[in-house]
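Chemist: Chains as they are written, first to last, in the numbering used here: chain A, 1 to 110; chain B, 1 to 114.
Source of the hints: derived by calculation from the structure; they are not laboratory data. It cannot be assumed that every hint is accurate.
Straight-line Cα separation of at most 25 Å, SDA-like style, residue types lysine to any residue; simulated pairs [said to hold, decoys possible]:
1. A:K70 with A:P10
2. A:K70 with B:T102
3. A:K56 with A:R41
4. A:K97 with B:I55
5. A:K42 with B:L112
6. A:K42 with B:M40
7. B:K78 with B:V89
8. B:K24 with B:S73
9. A:K97 with B:M15
10. B:K68 with B:P8
11. A:K42 with B:S27
Reference listing, derived: stretches of chain A covered by chain B, where coverage requires no fewer than 3 residues with Cβ under 8 Å from a Cβ of chain B [said to hold, decoys possible]:
12. 37-50
13. 100-107
Residues of chain B placed beyond 10 Å of chain A at every Cβ, according to the derived structure [what the hints assert, rightly or not]:
14. Y31
15. G42
16. A88
Fair warning: this is a prediction, and the values are worked out from it, not measured in the lab. We put the beta carbon where it would ideally sit given N, CA and C, even for glycine.
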Amino acid sequence: QKEVEQDPGPLSVPEGAIVSLNCTYSNSAFQYFMWYRQYSRKGPELLMYTYSSGNKEDGRFTAQVDKSSKYISLFIRDSQPSDSATYLCATLGGGNKLTFGTGTQLKVEL
Amino acid sequence: DAGVIQSPRHEVTEMGQEVTLRCKPISGHDYLFWYRQTMMRGLELLIYFNNNVPIDDSGMPEDRFSAKMPNASFSTLKIQPSEPRDSAVYFCASSPLHLQETQYFGPGTRLLVL
Chain A
1 QKEVEQDPGP LSVPEGAIVS LNCTYSNSAF QYFMWYRQYS RKGPELLMYT
51 YSSGNKEDGR FTAQVDKSSK YISLFIRDSQ PSDSATYLCA TLGGGNKLTF
101 GTGTQLKVEL
Chain B
1 DAGVIQSPRH EVTEMGQEVT LRCKPISGHD YLFWYRQTMM RGLELLIYFN
51 NNVPIDDSGM PEDRFSAKMP NASFSTLKIQ PSEPRDSAVY FCASSPLHLQ
101 ETQYFGPGTR LLVL
């Protein structure tokens with residue numbers, strides 16, 4: 001079993017839709033959870049990170065962590081074509097090592 | 001700040017040749033990471049440094065891979081000899097000591113070994 005599992009998609013939604021992206025993880029010791037966005041042929045860029053359980057909001061983006069079920073979510077409200085990218089969840093384990101999911105490809109269509 | 005700088009951006013080489021990838025981290029960052037990304041395996045950590053010292057190289061696939069960080073502003077990842085299965089995008093990332101959970105990635109080097 002991979003430490004972080006993520007549905008690869010692709011996920012296609014109409015502009016303005018609410019998008020839900022999800023990951024599960026296996027190691028209950030993980031405390032930091034991150035979402036990275038990667039545009040085609042670019043490096044990943046950090047969108048948001050949360051510590052332990054709970055929600056964190058930043059503009060149209062909300063990150064949610066449920067440690068009891070080992071579930072990580074990213075919600076995008078009022079999705080825009082510019083949100084079309086691959087979204088990678090990640091957890092920070094021991095020794096400052098990030099473990100990434102394989103990424104979900106999102107396309108927001110006009 | 002210019003962000004993490006990587007060179008070259010693209011590299012095409014023949015099997016058996018030596019390949020050297022270069023990285024300049026963000027000034028003041030204490031950690032430097034090398035990753036490899038492929039369609040099949042996603043983003044994998046190869047090695048990371050703290051204050052120029054290699055801390056964990058357990059992700060380095062084989063002895064053909066080596067990495068150095070001679071100073072705080074420069075690191076190299078070398079593959080010798082290269083093989084077609086090394087074809088991937090290689091990313092360098094850096095992070096500050098007080099925000100280890102936030103890693104900033106470079107644009108990557110797209111390597112193709114023929």
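Chemist: Each hint needs a verdict: does it hold in this structure or not?
Modeler: Hint check results:
no.	hint	verdict
1	A:K70 with A:P10	holds, 23 Å
2	A:K70 with B:T102	holds, 21 Å
3	A:K56 with A:R41	violated, 28 Å
4	A:K97 with B:I55	holds, 10 Å
5	A:K42 with B:L112	holds, 17 Å
6	A:K42 with B:M40	holds, 18 Å
7	B:K78 with B:V89	holds, 14 Å
8	B:K24 with B:S73	holds, 5 Å
9	A:K97 with B:M15	violated, 31 Å
10	B:K68 with B:P8	holds, 17 Å
11	A:K42 with B:S27	holds, 21 Å
12	37-50	holds (count 7)
13	100-107	holds (count 4)
14	Y31	violated, 6 Å
15	G42	violated, 4 Å
16	A88	holds, 13 Å
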